[in-house]
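A.B. asks: As given, the protein sequences belong to chains A and B, one line each in that order. Note that the first sequence covers residues 0 to 154 in numbering that gives the first Met the number 0. Note that the second sequence covers residues 0 to 303 in numbering that gives the first Met the number 0.
Just so you know, these hints were derived from the structure itself, not from any lab. This one's a predicted model, so the numbers in the text were calculated from it and none came from an experiment. In this text, a Cβ means the ideal position worked out from N, Cα and C, and glycines have one as well. Any given hint could be a false lead.
With beta-carbon atoms standing in for the labels, derived distance ranges [to be verified]:
#, chain 1, residue 1, chain 2, residue 2, range
1, A, His120, B, Val281, 56 to 66 Å
2, A, Leu51, B, Pro164, 33 to 43 Å
3, A, Phe66, B, Asp73, 25 to 35 Å
4, B, Pro200, A, Lys90, 48 to 58 Å
5, A, Phe98, B, Leu8, 43 to 53 Å
6, A, Arg116, B, Leu28, 31 to 41 Å
7, A, Met0, B, Asp73, 57 to 67 Å
8, A, Asp122, B, Leu8, 33 to 43 Å
9, A, Ala74, B, Val120, 30 to 40 Å
Just so you have them, the derived chain B footprint on chain A, three or more residues with Cβ under 8 Å [to be verified]:
#, segment
10, 37-44
11, 58-65
12, 87-94
13, 117-127
Calculated pairs, SDA-like style, for lysine to any residue (alpha carbon to alpha carbon, straight line, at most 20 Å) [said to hold, decoys possible]:
#, chain 1, residue 1, chain 2, residue 2
14, A, Lys64, A, Gln6
15, A, Lys64, B, Gly197
16, A, Lys90, A, Met0
17, A, Lys90, A, Gln6
18, A, Lys64, B, Phe199
19, A, Lys90, B, Phe199
20, A, Lys64, B, Phe195
21, A, Lys64, B, Glu203
22, A, Lys90, B, Gly198
23, A, Lys90, B, Glu203
24, A, Lys64, B, Leu201
25, A, Lys90, A, Leu34
26, A, Lys64, B, Pro200
27, A, Lys64, A, Ala1
28, A, Lys90, A, Ala5
29, A, Lys90, B, Leu201
30, A, Lys90, A, Ala1
31, A, Lys90, A, Ala74
32, A, Lys90, B, Val281
33, A, Lys90, B, Gly197
34, A, Lys64, B, Pro168
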Amino acid sequence: MASVLAQLEQSALGTWIHESGLLYGYPLILFLHTLGLSTVVGLNVAIDLRLLGVASRVPLASLDKLFGLLWAGFALTAVTGVLLFIADATKHASNPAFFVKLVFVGGGVTTLAFLRRRVFHGDERGRFLAAASLACWFVALTAGRLMAYVSEFIS
Amino acid sequence: MNLAHVHLLLNHVPTIGFGFGIGLLVASLVRDSADLRRAGYVVFFVVALVAIPAYLSGNAADVVLRTGKELQHDVVIAHQNAAMLALIPMEIVGLASWLALWQSRRWQQPAVLVLSIVTFVLMARAATIGGQIRHPEIVAAGAAASAPSWPSPAAMGAALVLDHPWVWPICEVFHFVGLCLLFGVTLLVNLRLAGFVGGFPLAEVNRLLPWAVAGLAINVITGMLFFLAAPDQYTQNSAFTWKMGLVLLGGLSLLYPTMFDEEPGSTAGILHTAMTRRLIGVCSVAIWIGVIFFGRYLPYLGTE
Chain A
0 MASVLAQLEQ SALGTWIHES GLLYGYPLIL FLHTLGLSTV VGLNVAIDLR
50 LLGVASRVPL ASLDKLFGLL WAGFALTAVT GVLLFIADAT KHASNPAFFV
100 KLVFVGGGVT TLAFLRRRVF HGDERGRFLA AASLACWFVA LTAGRLMAYV
150 SEFIS
Chain B
0 MNLAHVHLLL NHVPTIGFGF GIGLLVASLV RDSADLRRAG YVVFFVVALV
50 AIPAYLSGNA ADVVLRTGKE LQHDVVIAHQ NAAMLALIPM EIVGLASWLA
100 LWQSRRWQQP AVLVLSIVTF VLMARAATIG GQIRHPEIVA AGAAASAPSW
150 PSPAAMGAAL VLDHPWVWPI CEVFHFVGLC LLFGVTLLVN LRLAGFVGGF
200 PLAEVNRLLP WAVAGLAINV ITGMLFFLAA PDQYTQNSAF TWKMGLVLLG
250 GLSLLYPTMF DEEPGSTAGI LHTAMTRRLI GVCSVAIWIG VIFFGRYLPY
300 LGTE
């Protein structure tokens, strides 16, 4: 396992991400990761707030259109996330905060898919799902943001 | 032009702007005019936004002046603390003014008026001490530049972050929470403004706007704590300058959906056309993406 991670890191792609300068490579991927996550989490939070009673006169049918943008944002975050992982595979694989983040990102995305099926295309009010969604994203953001500090602490 | 120059350009705006805003609010009371009252709130909100770069650029001016070695640094420190003491109530007035523009309540006008007058006095004090930095001739003989009894929130903020290693990471977490609130809600509102989602009035989705402003407030507070703890990391960085310029524009762009959310009817002027709305919606989203871009590139760009 360790050798696979090291191979990933030292692959042509892994090296390119680190060594392609200040404009492309690592900083650009990091920016796109942030842009993607703030689109997914931000729009999802807005939807959650709507389901919890803020702006309750905005019809859900109108917001259904947002799912295209939500999934696009998630795809961008996932692809750039994989690239960021490749660049520092050994470091991230030994970081507990990284796994907490993955679990709660999974929870957030699953909740979003449930929200669409059961609330947008079903007849549930979705208050519980909305609260679960907010909680998942908060933990995912916290764990993701603390990754840098946790890896510093354990090394 | 450097940031010290920016400070010279902006440093009179908070005091004079608040004086102007107070004048408008008093006039609105005398003449019982809703238009004057809203104008006063707009002035307070805009000045509260401009006061942020005015404060930040002051640190850069300090760096420039320090190399000259000709000024008393304790006067600069006293000015900085006085400025922060005025900036805090100024941001609260800005926030309250935004709320009043969003949804008018009876108690808001007297509350904003009283707090803005207190702020004006504190800002005038900061400005006076600031004037002493370059004009020692106006300092009364024997008068200490700073009365030791005044609280120093700038020093307290820096100490909070520097003395506790967990404060910076916690602030980072909340900076991202604020970012998601601000970006997500403004994205939805601007998509509606630009016509990419529809089927409901703008005024309905505007019920969400306070959550965006709460995100902005969280990020101003956590961002200011970063800045207080490590000012040189930011004042010497051009990506930070760009980010702050865009934050100012982004804050201003919040005013449009806040103030012009009635449906374009028969009396629709240039401000209400679908084209104007689409332009403002698209530009606002682009501005916030720019803020994220320069924020993320901050460690990589702009540090020579």
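A.B. asks: Evaluate each hint against the coordinates.
C.D. replies: Evaluated hints:
1. A/His120 with B/Val281: 56 to 66 Å: 30 Å, violated
2. A/Leu51 with B/Pro164: 33 to 43 Å: Holds, at about 35 Å.
3. A/Phe66 with B/Asp73: 25 to 35 Å: 59 Å, violated
4. B/Pro200 with A/Lys90: 48 to 58 Å: Holds - the Cβ-Cβ distance for B/Pro200 and A/Lys90, about 50 Å, lies within 48 to 58 Å.
5. A/Phe98 with B/Leu8: 43 to 53 Å: Given about 50 Å between the Cβ atoms, the range holds.
6. A/Arg116 with B/Leu28: 31 to 41 Å: For B/Leu28 against A/Arg116, whose Cβ atoms are near 54 Å apart, the range 31 to 41 Å is violated.
7. A/Met0 with B/Asp73: 57 to 67 Å: The hinted range 57 to 67 Å holds for A/Met0 and B/Asp73, with Cβ atoms some 59 Å apart.
8. A/Asp122 with B/Leu8: 33 to 43 Å: Cβ of A/Asp122 to Cβ of B/Leu8: about 58 Å, so the range 33 to 43 Å is violated.
9. A/Ala74 with B/Val120: 30 to 40 Å: Between A/Ala74 and B/Val120, where Cβ atoms are some 54 Å apart, the hint is violated.
10. 37-44: Since three or more residues must qualify, the claim that chain B covers the segment 37-44 of chain A holds, with 7 doing so at under 8 Å.
11. 58-65: Held - the segment 58-65 of chain A has 6 residues with a Cβ nearer than 8 Å to chain B, which meets the minimum of three.
12. 87-94: violated (count 0)
13. 117-127: violated (count 0)
14. A/Lys64 with A/Gln6: Roughly 41 Å between the alpha carbons, so the hint for A/Lys64 and A/Gln6 is violated.
15. A/Lys64 with B/Gly197: Status holds; Cα separation ~9 Å.
16. A/Lys90 with A/Met0: 13 Å, holds
17. A/Lys90 with A/Gln6: 13 Å, holds
18. A/Lys64 with B/Phe199: Roughly 13 Å separates the two Cα atoms, so the pair holds.
19. A/Lys90 with B/Phe199: Given pair A/Lys90, B/Phe199 is violated - Cα atoms ~48 Å apart, limit 20 Å.
20. A/Lys64 with B/Phe195: Cα-Cα ~9 Å, so holds.
21. A/Lys64 with B/Glu203: The hint holds at about 17 Å.
22. A/Lys90 with B/Gly198: 48 Å, violated
23. A/Lys90 with B/Glu203: Status violated; Cα separation ~46 Å.
24. A/Lys64 with B/Leu201: 16 Å, holds
25. A/Lys90 with A/Leu34: 23 Å, violated
26. A/Lys64 with B/Pro200: 16 Å, holds
27. A/Lys64 with A/Ala1: With a Cα-Cα distance of about 43 Å, the restraint between A/Lys64 and A/Ala1 is violated, given a limit of 20 Å.
28. A/Lys90 with A/Ala5: 10 Å, holds
29. A/Lys90 with B/Leu201: 47 Å, violated
30. A/Lys90 with A/Ala1: 11 Å, holds
31. A/Lys90 with A/Ala74: Between A/Lys90 and A/Ala74 the Cα gap is close to 23 Å, so the pair fails against 20 Å, i.e. violated.
32. A/Lys90 with B/Val281: 39 Å, violated
33. A/Lys90 with B/Gly197: 45 Å, violated
34. A/Lys64 with B/Pro168: 36 Å, violated
Taken one by one, the earlier hints fail for this structure at numbers 1, 3, 6, 8, 9, 12, 13, 14, 19, 22, 23, 25, 27, 29, 31, 32, 33, 34, listed in ascending order.
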